[in-house]
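Residue numbers (the working numbering), protein chains in the order written: chain A, 150 to 315; chain B, 201 to 305.
The set of hints was computed from the structure by calculation and includes no laboratory data. All of these numbers come straight from a predicted model, not from anything done at the bench. C-beta: ideal position from N, C-alpha, C; glycine also. Accuracy of the hints is not assured; some may be wrong.
Residues on chain A that point at chain B, a partial pick, calculated with CB under 7 angstroms [stated by the list, open to error]:
1. Gln153
2. Phe156
3. Leu171
4. Asn198
5. Gln200
6. Lys240
7. Ile283
Below are the DSS-like pairs computed for lysine-lysine, each with C-alpha atoms no more than 27 angstroms apart in a straight line [said to hold, decoys possible]:
8. B/Lys302 - A/Lys278
9. B/Lys302 - A/Lys312
10. B/Lys304 - A/Lys278
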Amino acid sequence: MFTQYIFYLLNILALFSAVMVLASKKPIHSVLFLTLTFFSIAGHYILLNAQFLAVVHVIVYAGAIMVLFLFTVMLLNLNKDERSPKPLWVKLIAFVAGGMLMLTLIGVLRGFDLQMAANPASSQIGLVKNLGRILYNDYLVPFELSSILFLTAMVGAVLLGKKEQL
Amino acid sequence: MSTLTTIPIEQYLIFCSALFCIGVIGVLIKRNALVILMSIELMINSINLLLAAFSAYSGDPAGQIFVFFIMVVAAAEVAIGLSIVVLIYRTTHSIDIDVLNKLKW
Chain A
150 MFTQYIFYLL NILALFSAVM VLASKKPIHS VLFLTLTFFS IAGHYILLNA QFLAVVHVIV
210 YAGAIMVLFL FTVMLLNLNK DERSPKPLWV KLIAFVAGGM LMLTLIGVLR GFDLQMAANP
270 ASSQIGLVKN LGRILYNDYL VPFELSSILF LTAMVGAVLL GKKEQL
Chain B
201 MSTLTTIPIE QYLIFCSALF CIGVIGVLIK RNALVILMSI ELMINSINLL LAAFSAYSGD
261 PAGQIFVFFI MVVAAAEVAI GLSIVVLIYR TTHSIDIDVL NKLKW
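Looking at chain B on its own, in the form it has when it is part of the complex (with noise of 0.2 angstroms):
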């Protein structure tokens, strides 16, 4: 109740994109590929985040049901990713991504 009134929806803004902007250098610093995965997860939250504060601010609960399904995405993902990931040590005993570059040529 008192958030709404207190926090102005700018700081949820530079708070997520800053969140966002963690989660896209640690995808491009990363060759670990769960810590890929995370970083992810973590640009996934974010957007969440946002939602879900627009959602708080305009009063309209469609923004919340939307953060819902977006989980729901993210859980998929994560079980389909992590057994690719696994089905990867398996092959090549090892899950830096730098490896995987048969595809590229």
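Isolated chain A, as found in the complex (with noise of 0.2 angstroms):
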């Protein structure tokens, strides 16, 4: 009972967060209010008996990807408004379209029920002795490839942020 308030309050708490990230209309804070999101989302890893994710998903995004966010608003000096905002009718189409995909998808949910039982033996594979073993015996191979992704993705940005011109 205790866990299913919980994931009610992370879940409340999380699409208010989204909401707001729209809804600001500073871009600092959409930032803040999608740091709020990210922990919401740690929250339900934690629930979910994942906690390599969770600590992994706080270092990366509220740790990484944020300050990368809030350096770029910061340093470009973004931090206004937006002059020109879409007209109505364009949002109206927007909000019709997200609604309707979101119809289409809990109708899809619906077709079919799932019957998943939860797995005795999944409270242990979240653990980053499990989640190790897995990642270096079976996928040594895509997180070697991922490392190059990395060195490209840096070299990139560094070559991109250069003054000078190539």
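Could you fit the two chains together into a complex? Lean on the hints.
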């Protein structure tokens, strides 16, 4: 019962802050509300017994990506209102399109019933020991490829951020 | 442990679809390139959470490994995307995406 309350609390927090990301006028408020969303999703990971993912999520998203966003907003002095927001009919069409997507997804989900009994062994799979063993045994090649991808992204970011013309 | 028995997976599905749709609406209604990148992050996060939920419910750790790889790719995407935003700001002095219509026609 207690976990259910926490689940709904995190749901409401995540959805509210996700809506506020879009509703706030200044980009820096959007960044801060996005951080709140990320923390509530980290809480969801802990509820799912995915402790490793929760820690990585906080480090990567709340630690790295949020700092990147905040630096961009502050260094470029972008913290001002949108000069010309989109016209009302565009927003209306966007809301209708998003709502239809939501309705379609829920309609698809109602079509089949998921009989997923919780696996009793699943409380152990999110631990670092278990995930590390799988990552370095079965997924070693994707892991090394992702390190190459990171190196490429770093070189690209430095190259794009250089002041002089290439 | 007790989450898996008290909360059916349909609720995770509904929550994640709602979060994904909020991200879609954000991409559609915003003009600020930074806020559009943030909405993309919201969508990626909803997918990550759904993958982790299915992984935990079915007892298969491969889903959590995939979430880990998606986080890697998302971090790289944000680094490149933000440097492109900085570059756009340097050339046009604005991050309004409607300014970027040179390739439209």
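Here's how the hints hold up against the structure:
1. About 5 angstroms separates the beta-carbon of A/Gln153 from the nearest beta-carbon of chain B, less than 7 angstroms, and the hint is met.
2. For the restraint placing A/Phe156 at the interface with chain B, the shortest Cβ-Cβ distance is roughly 5 angstroms, inside the 7 angstroms limit, so the hint holds.
3. The closest approach between the C-beta of A/Leu171 and any C-beta of chain B is roughly 5 angstroms, which is under the 7 angstroms cut-off, so the hint is satisfied.
4. The closest approach between the C-beta of A/Asn198 and any C-beta of chain B is roughly 6 angstroms, which is under the 7 angstroms cut-off, so the hint is satisfied.
5. About 10 angstroms separates the beta-carbon of A/Gln200 from the nearest beta-carbon of chain B, more than 7 angstroms, and the hint is not met.
6. With 7 angstroms as the threshold, the beta carbon of A/Lys240 comes within range of chain B, its nearest partner Cβ sitting at about 5 angstroms, so the hint holds.
7. For the restraint placing A/Ile283 at the interface with chain B, the shortest Cβ-Cβ distance is roughly 5 angstroms, inside the 7 angstroms limit, so the hint holds.
8. For the suggested pair B/Lys302 and A/Lys278, the alpha carbons sit about 51 angstroms apart, so the restraint of at most 27 angstroms is broken.
9. Restraint check for B/Lys302 and A/Lys312: the C-alpha separation of about 23 angstroms stays at or below 27 angstroms, so the hint holds.
10. This hinted pair does not check out: B/Lys304 and A/Lys278 have alpha carbons roughly 51 angstroms apart, beyond 27 angstroms.
Of the numbered hints listed earlier, those contradicted by the structure are 5, 8, 10.
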